[in-house]
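Q: Sequence:
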Amino acid sequence: MNDHENEKSILTKLKQQCGGQFTSNMEGMVTDLALAKENQTSGIFNQYLNELRTTRCCIQSHQHLQFMLMWKR
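17 is the number of the first residue of the sequence shown in our numbering; add one for each residue after it.
Calculated directly from the structure, the hints in this document are not laboratory data. Please note that a few of the clues may not be correct.
[As the list claims (entries may be wrong)] Below are the DSBU-like pairs computed for lysine-lysine, each with C-alpha atoms no more than 30 angstroms apart in a straight line:
hint, residue 1, residue 2
1, Lys-31, Lys-53
2, Lys-53, Lys-24
3, Lys-29, Lys-53
[Stated by the list, open to error] Label pairs and their computed distance ranges (CB to CB):
hint, residue 1, residue 2, range
4, Asn-41, Thr-70, 39 to 47 angstroms
5, Asn-62, Gln-32, 34 to 42 angstroms
6, Gly-36, Thr-70, 43 to 51 angstroms
7, Ile-26, Thr-57, 19 to 27 angstroms
8, Gln-32, Glu-67, 45 to 53 angstroms
9, Phe-61, Cys-34, 30 to 38 angstroms
10, Lys-31, Glu-67, 41 to 49 angstroms
11, Asn-18, Thr-70, 35 to 43 angstroms
12, Arg-69, Gly-36, 39 to 47 angstroms
13, Thr-47, Leu-68, 24 to 32 angstroms
14, Ile-60, Asn-22, 26 to 34 angstroms
15, Glu-67, Ser-25, 35 to 43 angstroms
16, Glu-21, Phe-61, 20 to 28 angstroms
17, Gln-63, Gln-37, 37 to 45 angstroms
Idealized CB from N, CA, C, for every residue including glycine.
Construct all of the structure, not just a fragment, from the sequences and the given hints.
A: Rendered as structure tokens:
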């Protein structure tokens, strides 16, 4: 089992014991982390930026999205 599968397994057990309302934010965080990892490893966005550079366009963007409902401090 990998880390993502372990996290899902723990969340499933917590959901059975404590209910879906208790685990919904944690499930959202696990999903967000998995999507972020996938985006970092796919290289699609970097490929897109490289294509823009070849057409002499320049875009610089640094975006950090956090959903406060799931990522409470």
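Q: Taking the hints in turn, state whether each one holds.
A: Here's how the hints hold up against the structure:
1. Distance restraint check for Lys-31 and Lys-53: the Cα-Cα separation of roughly 24 angstroms lies within the 30 angstroms cut-off, and the hinted pair is therefore satisfied.
2. Our distance criterion of 30 angstroms between C-alpha atoms is met by Lys-53 and Lys-24, whose separation comes to about 16 angstroms.
3. For the suggested pair Lys-29 and Lys-53, the alpha carbons sit about 24 angstroms apart, so the restraint of at most 30 angstroms is met.
4. A hinted range of 39 to 47 angstroms holds for the C-beta pair Asn-41 and Thr-70, which are about 42 angstroms apart.
5. Distance hint for Asn-62 and Gln-32: a CB-CB separation of about 41 angstroms, consistent with the stated range 34 to 42 angstroms.
6. Taken as a hint, the range 43 to 51 angstroms holds for the pair Gly-36 and Thr-70, whose Cβ atoms sit roughly 48 angstroms apart.
7. Distance hint check: the CB atoms of Ile-26 and Thr-57 are about 23 angstroms apart, consistent with the given range 19 to 27 angstroms.
8. Between Gln-32 and Glu-67 the Cβ separation comes to about 47 angstroms, which falls inside the hinted range of 45 to 53 angstroms.
9. In this structure, Phe-61 and Cys-34 meet the distance hint of 30 to 38 angstroms, their C-beta atoms being roughly 37 angstroms apart.
10. The hinted window of 41 to 49 angstroms between Lys-31 and Glu-67 holds, with their beta carbons roughly 43 angstroms apart.
11. Between Asn-18 and Thr-70 the beta carbon distance is about 37 angstroms. The supplied range of 35 to 43 angstroms therefore holds.
12. The hinted range of 39 to 47 angstroms is satisfied by Arg-69 and Gly-36, whose Cβ atoms lie roughly 46 angstroms apart.
13. Judged by the Cβ atoms, the range 24 to 32 angstroms given for Thr-47 and Leu-68 holds: they are separated by roughly 29 angstroms.
14. The hint said 26 to 34 angstroms for the Cβ distance between Ile-60 and Asn-22, and at roughly 27 angstroms that hint holds.
15. For Glu-67 and Ser-25, the hinted distance range of 35 to 43 angstroms is satisfied, since their beta carbons lie about 40 angstroms from each other.
16. Checked against the hint of 20 to 28 angstroms, the pair Glu-21 and Phe-61 passes, with Cβ atoms roughly 26 angstroms apart.
17. Taken as a hint, the range 37 to 45 angstroms holds for the pair Gln-63 and Gln-37, whose Cβ atoms sit roughly 40 angstroms apart.
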